[in-house]
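Peer 1: So the chains spell out like this:
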Amino acid sequence: MALKHVNAVVVGSGAGGGVVAKELATAGLSVVLLERGKSYSAADCRKDDLRNQRTTVLGNAFGPDDERNPRVLVDEKGRERIVLASEGGYSNNAACVGGGTFSYGAMAWRFMEQDFRMKSIYGAVEGSTLEDWPITYFDLEPYYEKAEWEMGVSGDDSGNPFKAPRRKPLPMPPLPPNREFEILEPAAKRLGLHPFHIPMLRNSVPYNGRGACMRCRWCVGFACEVDARTGTHNSVIPMALATGNCELRTECMVSEVMVDDHGRARGVVYFDENDRRQEQTADLIIICCGAIESARLLLNSKSKLFPNGLGNRYDWVGRNLQGHTYSGAVGLFDFDTYDDVGPGAQIAICDYNHGNPGLVGGAMLANEFIRLPYHVVNYAPAYVPSWGLAHKEWMRNAFKRTIVVIGPTQEIPIFDARVQVDPKVKDHWGIPVARLSGGKHPHTMEIAHAMTQKAEAWLKEAGARRTWRRQPSPGLSGGQHQAGTCRMGNDPKTSVVDKYCRIHDVDNVYVVDGGVHVTNGGFNPVLTILAIAYYASDNLIKTWKNTKGRV
Amino acid sequence: MSTGRKTVKRRKFLKIGLAASASGLLISCGRTGGGPHWRFFTEEEARTVDAICEQIIPADDFPGASQAGVVNFIDLQLTRHYKKHRAAYRKGVANVEAVSRETFGKRFTELEPQQQIEVLTTIEEKDPAFFALIRNHTMQGYYGDPRHGGNREWVSWKMLALASPPVRGRARLDKESRVS
Ligand SMILES: Cc1cc2nc3c(=O)[nH]c(=O)nc-3n(C[C@H](O)[C@H](O)[C@H](O)COP(=O)(O)OP(=O)(O)OC[C@H]3O[C@@H](n4cnc5c(N)ncnc54)[C@H](O)[C@@H]3O)c2cc1C
Ligand code: SF4
Chain X
1 MALKHVNAVV VGSGAGGGVV AKELATAGLS VVLLERGKSY SAADCRKDDL
51 RNQRTTVLGN AFGPDDERNP RVLVDEKGRE RIVLASEGGY SNNAACVGGG
101 TFSYGAMAWR FMEQDFRMKS IYGAVEGSTL EDWPITYFDL EPYYEKAEWE
151 MGVSGDDSGN PFKAPRRKPL PMPPLPPNRE FEILEPAAKR LGLHPFHIPM
201 LRNSVPYNGR GACMRCRWCV GFACEVDART GTHNSVIPMA LATGNCELRT
251 ECMVSEVMVD DHGRARGVVY FDENDRRQEQ TADLIIICCG AIESARLLLN
301 SKSKLFPNGL GNRYDWVGRN LQGHTYSGAV GLFDFDTYDD VGPGAQIAIC
351 DYNHGNPGLV GGAMLANEFI RLPYHVVNYA PAYVPSWGLA HKEWMRNAFK
401 RTIVVIGPTQ EIPIFDARVQ VDPKVKDHWG IPVARLSGGK HPHTMEIAHA
451 MTQKAEAWLK EAGARRTWRR QPSPGLSGGQ HQAGTCRMGN DPKTSVVDKY
501 CRIHDVDNVY VVDGGVHVTN GGFNPVLTIL AIAYYASDNL IKTWKNTKGR
551 V
Chain A
1 MSTGRKTVKR RKFLKIGLAA SASGLLISCG RTGGGPHWRF FTEEEARTVD
51 AICEQIIPAD DFPGASQAGV VNFIDLQLTR HYKKHRAAYR KGVANVEAVS
101 RETFGKRFTE LEPQQQIEVL TTIEEKDPAF FALIRNHTMQ GYYGDPRHGG
151 NREWVSWKML ALASPPVRGR ARLDKESRVS
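Protein chains in written order, with this note's numbering: chain X, 1 to 551; chain A, 1 to 180.
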């Protein structure tokens, strides 16, 4: 039986998809929200340190599962292998209602003005596709604010002189400082830096009908058992459903966007929870699968007019895959730094995001989230053997006495870091899987190394007896902060979507997720994804009303 | 009415399910080893793995990998998430025995601790993939959550003086009330 036609089908219920579904449903459109994963709740906090969304040695807690969702990874030497969803190299984020926002750390950063104009500020970089965004910080500012107030962000960035202008402060105060904050703050000030409280999508006081954070040690990677951490699953998606205009269907794996012979999309094909093939027709199709899966879905949507995939006329879909190159250092102290007060990450500086001599960008630096014992195992410095009594003694001495300062180095995009669809390997449903290949621009590594030195200097000033750098990895990026694969731009020849997130070639298909980022800032990306989703929805609704539904 | 019936049915189903899985543990579970105690390892393999793990995390004033039940963690995971590593263990453990015999003419479990360390140092160099595997699994079994078969009675968390069993988080908010 054919499914009822709707105004909009939104594919993926993560950061981007959750917001779009809510905005469209609130504007009165009928919406179907399709999510390949399951729905979880606060009760799913299993406190399992070996199986969560951050430490996945025994599997991903919030999807996707290893059995049905392989990918192919091609390494720098051109060797290819199949990777499972919980293995390193897969570049996973999540598969569940809320997507990454269900179990993330919830840092809620606005990008800086410069982050949207990287090429104008720094000039072209050889071997890179570095480019300005077609929109500026000021186009997004009202939508950053909307995300902060509608979803709820706590923190205090008034001490950050580098931040872009904001009209309104954050709606909630920061959580009181933990011990690491108290140790790092005066040290940063002595160095002439400007420390402040990290903005977080986490209730520090009751907000939106949910309680405040109780400061446990099971935060990033876990479900929040008191629902104090905010994701789309406990904010905008319930709002969407409450309108009565939105239907959420879980365990629905979308395989293709159907395009007719006139170049108009008709809807999507998906496999439901019983693996039955379904067709959902809609006036609008909004793809929000995360950077890698959105590219895969477009590439798998081949039609007469678009034989190489939707939006891919000029071979830009899947290109410029980027994430963040995490760079930082560990400090060992003579006293306890661990106070068992979650979420752990609390203090940041933006002194090194821009204006570093000779470097194109930089990174925000912050203290790391709480470390459970197994995390610390591989934090040992090079002079400590990786096994035997010496390692055990090190664990005993260091577990409560380290501080980690680390930051997401902004990456210099390259054309050859990319998502393709594999010609041979298919997933459980018979859909060609994502094939990831490419590496990093050498300058990304230079910036990352510079950031490790800054982190180390901060820890030294804070009184660390010993410090050592965490060497950034030179391999392909993506993962939790994946972005860039469906670049936003004015020129259809060098981008995939226009400045309103609409695919250049097709009037009624949009991509709204990290994929549209031209560059990914030196910040965790989610607030920018949420802001873009509010912004794109605003335009979608205006267009919808102007054309009375005939977009 | 109808819900009541459903509940009964479900209970019955659960019971059967439990019985089946309990017997599964004892009898089958894709067993390739012998002996009554292990799911994947043979008795001899288990003893060797136990000894290897104990060198990776030896006992001192605090329990080592052996007392923490790390071999149980590995054996259990080899029937679950680590099924894919079965062949690597079969081969890797045999290789440890081979190096042990070549170097000292004895089984690994019969060697002095210093000799065991020597053998493992050779393995680390010559068979780095297997060494990394068992080293990481030992760390997981020792420092990870006991629900997975290791870290018996939270020995490692006790060593690290991390309250165990893990307390629920709590609102320990204001600075003044904190005991330093
Ligand atoms: C442990 C962890 C910690 C993190 N910490 C932070 C942080 O502190 N701050 C921050 O800014 N970011 C953080 N992130 C990253 C953040 O979660 C992501 O940037 C964000 O969720 C990306 O949003 P998105 O809309 O692009 O995609 P996602 O949130 O990944 O949503 C995509 C959704 O689409 C679904 N989907 C994909 N393909 C299909 C298909 N074919 N059919 C149907 N559904 C599909 C997926 O299952 C998923 O639910 C963290 C992530 C993780 C996992
Ligand atoms: S630290 Fe706070 S927000 Fe994080 S999981 Fe615990 S209670 Fe929830």
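If you're looking for bench data, these hints aren't it; they were derived computationally from the structure.
Some hints could be false.
Stated by the list, open to error - Computed cross-link-like contacts, BS3-like style, restricted to lysine-lysine with a CA-CA straight-line distance of at most 30 Å: (1) Lys158(A) to Lys38(X); (2) Lys106(A) to Lys47(X); (3) Lys83(A) to Lys426(X); (4) Lys126(A) to Lys47(X); (5) Lys83(A) to Lys77(X); (6) Lys84(A) to Lys424(X).
Peer 1: Could you run down the list of hints and mark each one as holding or not?
Peer 2: Taking the hints in turn, this is what the structure says about them:
The hinted pair formed by lysine 158(A) and lysine 38(X) fails the criterion: a straight-line CA distance of about 36 Å is larger than 30 Å. A C-alpha spacing of about 43 Å is found between lysine 106(A) and lysine 47(X), which places the hinted pair above 30 Å, so the restraint is violated. At most 30 Å may separate the alpha-carbon atoms for a hinted pair to count; lysine 83(A) and lysine 426(X) meet this at roughly 22 Å. Pair hint lysine 126(A) plus lysine 47(X) does not hold up; C-alpha atoms about 37 Å apart against a cutoff of 30 Å.
For the hint pairing lysine 83(A) with lysine 77(X), the CA-to-CA distance comes to about 28 Å; that is within 30 Å, so the pair holds. Taking the CA atoms of lysine 84(A) and lysine 424(X), the gap is about 22 Å. The hint holds against a cut of 30 Å.
Comparing the model with each numbered hint stated earlier shows that hints 1, 2 and 4 do not hold.
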